[in-house]
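Asks: The residues making up each chain are set out below.
Number of protein chains: 2
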Amino acid sequence: MAVELDATEPARDRLERYADLAVRVGANVEEGQNVFVVSQIEHAPLARALTRAAYAAGARYVDVMYRDQHVRKAMIELGPDEALTYTPDWLKVRAEALNGAAMIATTGDPEPELLGDLDGERVGKAQMKEVTEIIRGHMIARGINWSGVAYPNAGWANEMFGEPDVERLWEAVAFCTRLDEADPVGAWREHMARLERRAAALNELQFDALHYRGPGTDFTIGLLSAARWMSALFRTAEGREYVPNMPTEEIFTTPDRRRAEGTIASSLPLALLGDIVKGLKLTVKDGKIVNVEAEHGAELVRSQISSDEGASYFGELALVDGTSRVGKTGITFFDTLYDENATCHIAYGFGIPETFEGEPGEGMNISSVHTDFMVGSPELEVDGLTKDGKAVPILRDETWQLPE
Amino acid sequence: MAVELDATEPARDRLERYADLAVRVGANVEEGQNVFVVSQIEHAPLARALTRAAYAAGARYVDVMYRDQHVRKAMIELGPDEALTYTPDWLKVRAEALNGAAMIATTGDPEPELLGDLDGERVGKAQMKEVTEIIRGHMIARGINWSGVAYPNAGWANEMFGEPDVERLWEAVAFCTRLDEADPVGAWREHMARLERRAAALNELQFDALHYRGPGTDFTIGLLSAARWMSALFRTAEGREYVPNMPTEEIFTTPDRRRAEGTIASSLPLALLGDIVKGLKLTVKDGKIVNVEAEHGAELVRSQISSDEGASYFGELALVDGTSRVGKTGITFFDTLYDENATCHIAYGFGIPETFEGEPGEGMNISSVHTDFMVGSPELEVDGLTKDGKAVPILRDETWQLPE
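Taken in order, these protein sequences are the chains called A and B. Our numbering puts the first residue of the first sequence at 1, with every later residue one more than the last. Our numbering puts the first residue of the second sequence at 1, with every later residue one more than the last.
Simulated from the structure, these hints should not be mistaken for lab results. These numbers come from a predicted model, not from an experiment. Careful: at least some of the hints might be erroneous.
As the list makes no split between identical chains, a pair holds if one copy fits it or if it spans any two.
[Claimed, not checked] Straight line, CA to CA, 25 Å or less: simulated SDA-like cross-link-like pairs of lysine to any residue:
| # | residue 1 | residue 2 |
| --- | --- | --- |
| 1 | K129 | P88 |
| 2 | K92 | Q127 |
| 3 | K281 | R122 |
| 4 | K129 | E113 |
| 5 | K125 | G330 |
| 6 | K129 | R60 |
| 7 | K92 | V38 |
| 8 | K125 | T87 |
| 9 | K125 | A56 |
| 10 | K125 | G389 |
| 11 | K92 | S368 |
| 12 | K125 | R60 |
Turn these sequences into a full structure, and let the hints guide you.
Replies: Put into structure tokens, the structure is as follows:
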């Protein structure tokens, strides 16, 4: 095994511009702010570039924490049971310190199936819930301007293309994140304005529910009048704008956890907990997932949705049409940050506090889990249902049916 | 730039045996103990092997913290002044948690001159004193069973050999750490017993001072009657034996900080704070370093010895003879863990609490710094001075002159 931290000279300039975009548009680091970077060790060239870009933007201190999936694998494989759920105090203190800070997390798994041969139940159990809860608290309080960006690497490229063609992956990433534009910052501003207009139009229509129809899917889920549709142009409590996902192509809302019925099938593979879930099919009753089937990885989803009470309820509905740059690549990225922006998706677990004005209202789901899975395809039809039961087409053949 | 995390299949077996030795002989991890690993990202294959070996030895939880010199470089180069001495709270909490735990730190700098072109004063300032002080507290209380081991890597090999011959470096490391023996654990037991006998013989002679003579060196330094000579076979307060350095070839003691006079010249280059100090020459008066000269890197040493009151006084004297496996390789490793075991060395800064029975007595130096530099060579003569002024030869031509 040889893990390459690749950053040849021509790529370095691209890497610097990419890091700069993540710092200035993504997290939108404020002068004098502490910046937390969370990166797998294989993403070190990006973490380093982010660090430099953050200091250049006036960061007070950049705190980089490297993660290593092999260390995690060793714990799950060889550690005692108590290690699986153990949370060191220092990680809680570090999580507390995120409030008021900027954060940038990297994605792009260099070994997406590394944990695939481990006991699925132990993999599912291995999580630091206390840390997740602290960070969720900051999210609810809108205390962090954060962003996620991917780092193209050989293992990830190999999973996608069957060969470690990092350059091809870089080109796809540059296209999806608008780094190929002469003025990426301007292109992002325009792009976000269009998504904001879509969200505004949906909010005006005040649908009571959505109805999804497609192969293996016949699913109705309630909307909350208190939760608006929005784009991923977020604002902290202090009003600082940031874009938590780069790329982003979605508009989304928090559904009513109490109202969901039917069956919903995934349309793309889902990278989850070190393995790939394929052909996922969920049966839902009274808002709750009551049955999980899959061609591969069903036990991972079952373990995850039983990790707390809210994990088997829904937290997000997101709409993406065929103009998506991610969708246009025609590539399955095996990375949620990308694949969820290729097409429509739904998440079980935690809702999205930002969709509420002020405190999240009743009906928003609470959980330590938030897992997006893709449901969109040319065959998927999405309707908005009005309070008096009328169906209004929103998506047909991946084409947006409402004004924008 | 491409950083290779190299661990080919045949090397993996060696790596596993090496990690096992570090866990079982070095830190001597106790069943149910928390284990902290501190590793540069380029040492990840070793950190992973240490994690597996620690869990196999019954560790309760293995906490791996990766460091990245490029992140540090960005801070020194681009960060505000306050970033240099800023210590995140979580790092203090993590340092507190080391008490009662095992710790393994890796060495072997992949880019030893990375910080060489930065402002020496900023490099010297960039340290987290509070963390160092917390850990020193645990050391004084003998609360940690810890060890340092090196990871052979391309950059380090290149610094040593002028070419990235990692296999040659691995062979040298395996020789020095007795991994080439059929029974490395048995070989270590025998080796430590011989060093213990040397220490016992010196303790019996009760010298009042040592006198060093050689090219550029004429140096007398007082010994403390309360500080014994010892090998690096350490014991925690609870009596757990461990070997903090692998390799180790030295016997050492804590000198009297109040009594040192003369000039002392280094005999080997010294890797310090991201640069290489060459041709170091110190002038000492009343125990204190009053002048620093060097062919290269003097300002780094000057900055370091002015970082607190104790930094310009001495904390360690160590004797190594020509039987040293490290010395026998004839290689300059540019890594203190190795080079200090090639030949006699002296450290300015913090003394060694373990050399005292119970609380360290008066005369032990206190500092947040502890920097070993090499003074031994075939030309160096070391005498023990008795209380009535008699000189007894200890080392001549790198040959031990006392019974062992």
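Asks: Can you give me the call for K129 and P88, within, between, both or neither, at a CA distance of at most 25 Å?
Replies: For K129 and P88, both the intra-copy (12 Å) and inter-copy (22 Å) Cα distances are at most 25 Å.
Asks: 25 Å Cα cut-off: does K281 pair with R122 within a copy, between copies, both or neither?
Replies: Intra 23 Å, inter 58 Å, cutoff 25 Å: intra-copy only.
Asks: When no copy is named, should K125 and G330 be tagged within, between, both, or neither for a Cα gap of at most 25 Å?
Replies: For K125 and G330, the Cα distance exceeds 25 Å both inside one copy (34 Å) and across copies (51 Å).
Asks: Measure nothing new, just compare the shortest in-copy and cross-copy C-alpha distances for K125 and G389 to 25 Å and report within, between, both or neither.
Replies: neither (42 Å within a copy, 69 Å between copies)
Asks: Evaluate K125 and A56 at a C-alpha cut-off of 25 Å and name the case that applies: within, between, both or neither.
Replies: between (40 Å within a copy, 20 Å between copies)
Asks: First find the shortest C-alpha distance between K92 and V38 inside one copy, then the shortest across copies, and answer within, between, both or neither for a cut-off of 25 Å.
Replies: Answer is both; intra-copy 15 Å and inter-copy 19 Å each pass.
Asks: For K125 and T87, with the copy left unspecified, which applies at a CA distance of at most 25 Å: within, between, both, or neither?
Replies: within (13 Å within a copy, 33 Å between copies)
Asks: Using 25 Å as the alpha-carbon threshold, which applies to K92 and Q127: within, between, both, or neither?
Replies: Close inside one copy (13 Å) and across copies (23 Å); limit 25 Å.
Asks: Could you place K92 and S368 in one of the four classes (within, between, both, neither) given a Cα distance threshold of 25 Å?
Replies: within (15 Å within a copy, 27 Å between copies)
Asks: At most 25 Å between alpha carbons: which applies to K129 and E113, within, between, both or neither?
Replies: within (23 Å within a copy, 41 Å between copies)
Asks: If the cutoff is 25 Å on CA atoms, where do K125 and R60 land: within, between, both or neither? Let me know, please.
Replies: between (36 Å within a copy, 16 Å between copies)
Asks: Between the shortest in-copy and the shortest cross-copy C-alpha distance, which are at most 25 Å for K129 and R60: within, between, both, or neither?
Replies: Only across copies: K129 and R60 sit 18 Å apart there, 29 Å inside one copy, limit 25 Å.
In this structure, the earlier hints numbered 5, 10 are contradicted, and the remaining ones agree with it.
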